[in-house]
Amino acid sequence: MCFLLSTFVASQAFQCMSSSNCCEETTLNEVVKKLTAHSSQSTSPPSLPVPPASQCLPPSDHHPVIMAQRQTCPFSSSPREDIQESRYPRLLWKAQCICQNSCVSLRHPVENATQKSFVHKEGNGVSVQIFADTTVYYRRPCANVNKSFYLERQKYPLPVACTCVAVP
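If you're matching positions, the sequence shown starts at 94 in the working numbering and goes up one per residue.
Rather than coming from a laboratory, the hints here were simulated on the basis of the structure. Bear in mind the structure is a predicted one, so any value in this text is a computation, not a measurement. C-beta atoms are modelled at their ideal positions from N, C-alpha and C, and glycine is treated no differently. Warning: the hint list may mix true and false statements.
[As the list claims (entries may be wrong)] Here are the simulated DSS-like pairs of lysine-lysine, each with C-alpha atoms no more than 27 Å apart in a straight line:
#1 K248 - K187
#2 K187 - K240
#3 K240 - K127
#4 K240 - K126
#5 K248 - K126
#6 K187 - K126
#7 K248 - K127
[Claimed, not checked] Have a look at the derived ranges for each label pair, beta carbon to beta carbon:
#8 E118 - R173: 26 to 32 Å
#9 V221 - K126: 34 to 40 Å
#10 N194 - A236: 27 to 33 Å
Construct the complete structure from the given sequences, taking the supplied hints into account.
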């Protein structure tokens, strides 16, 4: 829904959406403010403790955690910021697989002395990113028009999660 609203707001600012319809910087900034008000992208990272990649352990069932940490391929979006000043949104959070060359096994649980956790690594699987295309807008200068800009719409493949896939 937010994506549709953002697209609608951007389309209302048609004068700023192509190189033949440029805007002064103040007008372009107003368009960006409207887009920001309808953005579905979070402006702050999730506040999750990120386990070291060497452990590849999901947290204990006794603590409230989000789904990103409770799967066979835990991931975090905290350490991977993608910031571009000329892009709206300028900040995107990218999911990063915690276990690069393995997956956490749910078939062979091993009880830890302090907590129940699934510590056995799956040897026949690897973690891969899952991508979702999102729409971003790049601020571009207009040719032959001093201090004028337009927003160029582009698809952006954003890593949003990780999954475990079997290795042949």
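* To do: Would you check the hint for K240 and K126, treating anything up to 27 Å between C-alpha atoms as holding?
  => holds (19 Å)
* Measuring from beta carbon to beta carbon, are V221 and K126 in 34 to 40 Å? -> About 37 Å separates the Cβ atoms of V221 and K126, which means 34 to 40 Å holds.
* **27 Å Cα cutoff - pair K248, K187** => Holds, because 15 Å separates the two Cα atoms, which is no more than 27 Å.
* **Distance restraint between K248 and K127, which requires alpha-carbon spacing of 27 Å or less** => holds (20 Å)
* Asked: Does the Cβ distance between N194 and A236 fall inside 27 to 33 Å?
  -> violated (48 Å)
* Asked: Between K187 and K240, is the straight-line Cα distance small enough, at 27 Å or below?
  -> violated (32 Å)
* Can the restraint linking K240 and K127 be considered satisfied, given a maximum Cα separation of 27 Å? -> holds (21 Å)
* Asked: Hey, K187 versus K126, does the alpha-carbon distance stay inside 27 Å?
  -> It holds: about 23 Å lies between the C-alpha atoms, which stays within 27 Å.
* **Given hint K126 paired with K248 - CA-CA distance at most 27 Å** => Holds - the C-alpha atoms of K126 and K248 are around 20 Å apart, at most 27 Å.
* Given the hint of 26 to 32 Å, check if E118 and R173 actually sit that far apart at their C-beta atoms. => Taking Cβ atoms as reference, E118 and R173 lie about 30 Å apart, which means the hint holds.
When each numbered hint is compared with the structure, violations occur for hints 2 and 10.
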